[in-house]
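Trainee: Sequence:
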Amino acid sequence: MFGAFNEEFGDSLCLVYGGIPCNSQGPSVTDQTIELPSGWSMFSTYMLADDMALNVILNPILANVIIAKDYLGSAFLPEWNFNGVGDLTVGQGYQIKTTESISLNISGTYMLPEENPVNLQAGWNMIGYLRISPAAADAVLADMNASGNLIIAKDYLGAAYLPEWNFNGIGNLNPGQGYQIKVNNTGVLQYNANEVDYRISSVDVIDNSTTIQSSISITDNNMTLIIEDKAWSNIPKEGSEIVVMDDDGHIFGAAKYTPNVSVVTIWGDDYTTSYKDGLFSGEQFNIKLLSDSKFIDLEVESIYLYEINSIELVSNVTSVLSTEEIKVLQRVVNVLGQDVINYENNELNRVLFMIYSDGSVEKIVK
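Take the sequence shown: its letter number 149 is residue 149 in the numbering used here, and every next letter is one higher.
Keep in mind that the hints are not guaranteed to be accurate.
[What the hints assert, rightly or not] Below, in silico cross-link-like pairs of lysine-lysine (DSBU-like), each with a Cα-Cα straight-line distance of 35 Å or less: (1) Lys182 to Lys237; (2) Lys276 to Lys237; (3) Lys230 to Lys182; (4) Lys294 to Lys276; (5) Lys363 to Lys294; (6) Lys276 to Lys182; (7) Lys294 to Lys237; (8) Lys363 to Lys276; (9) Lys294 to Lys230.
Hints listed in this document are in silico derivations from the structure and should not be mistaken for laboratory results.
Please model the entire structure based on the sequences and the hints provided.
Mentor: Next comes the structure, spelled out in structure tokens:
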């Protein structure tokens, strides 16, 4: 038998006893604005548009798009009017390269996260994030981690979540972004409804960024280098940076040393450019330590080669030699001691002095 109707039992009490308002239909979302940085990034959408063809979705920003790709490597090339990707799939992530920072707006029907599980194949996937608010990567992926299926997750900056090492360099998963994820077996990623919060993150977010990273190009491919504390013959001092170079001294990876485990993202070459902006596939690289403005050569047990999406655990790291001191150009002055800004112009018959951070001065006669 039913109880008497209680007119005072409204939405507020429904929140207490049922978790969400009784008449709630979920968030009213009719469009999504995705912020794309200049260069390479990953994006996703939680909107179902009337036409999901990638060329249609990207049409408002087409003049700024160089290429877009899915996780299989199928490409959309606007210059050639070629769409090898086909339609966007809600729950999937996509790589994109743009000529400048730009906003992409997608209108349509909001696809509720709890109603749209993301299927994962064994190996590498590129996923989207379907909730309207961010959540900690380790919390979102907790069930997958608990089952032993998750190996690694990465954002477009190469920052990694490595559950085996309790290392979260990603922080939050964010709507509009895409993420690479590697799993041992096929599986399903089930997002919580927007009204259901994830547990508080149990893993501290680790910021291992360095000043050197600003000069390293973000491309469409990278690999991950892991160095545990037990691998070092001498633990680096606080503030030291791990640097990865090719044989010509070009830096393609850098990360701050972090206690317990250090994680370095190493970038591969971008085939859409005419110059070398990353390591070539199969290319050997060198690992150095930058400490007190000096590079220290590191000797490792194995030879390491660049391989896209590889995860390499380094063992037995020995500091062997202090080499060149890092120098940063601080000022350029003329013979009167006045600062010269455009010192690279073609003006002749002048003497300039280049002043470096180590106190050295170089005289240039033009």
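Trainee: For each hint, tell me whether it holds in the structure or not.
Mentor: Right, here's what the structure says about each hint:
For the given pair, Lys182 sits about 32 Å from Lys237 by alpha-carbon distance, which is consistent with the 35 Å threshold. Among the hinted pairs, Lys276 with Lys237 is consistent with the structure: their alpha-carbon atoms are about 32 Å apart, no more than 35 Å. Proximity of Lys230 to Lys182 is assessed by CA-CA distance (about 26 Å); at most 35 Å being required, the pair is judged to hold. This hinted pair checks out: Lys294 and Lys276 have alpha carbons roughly 25 Å apart, not beyond 35 Å.
Restraint check for Lys363 and Lys294: the C-alpha separation of about 23 Å stays at or below 35 Å, so the hint holds. With a C-alpha separation of about 27 Å, the suggested pair Lys276 and Lys182 falls inside the 35 Å cut-off, and the hint holds. Restraint check for Lys294 and Lys237: satisfied, since their Cα atoms lie roughly 13 Å apart, inside the 35 Å limit. A hinted pair counts as satisfied when its Cα atoms are at most 35 Å apart, and Lys363 with Lys276 qualifies at roughly 30 Å.
With a CA separation close to 23 Å, the supplied pair Lys294 and Lys230 stays within the 35 Å bound.
Hint compliance for this structure: no hint is broken.
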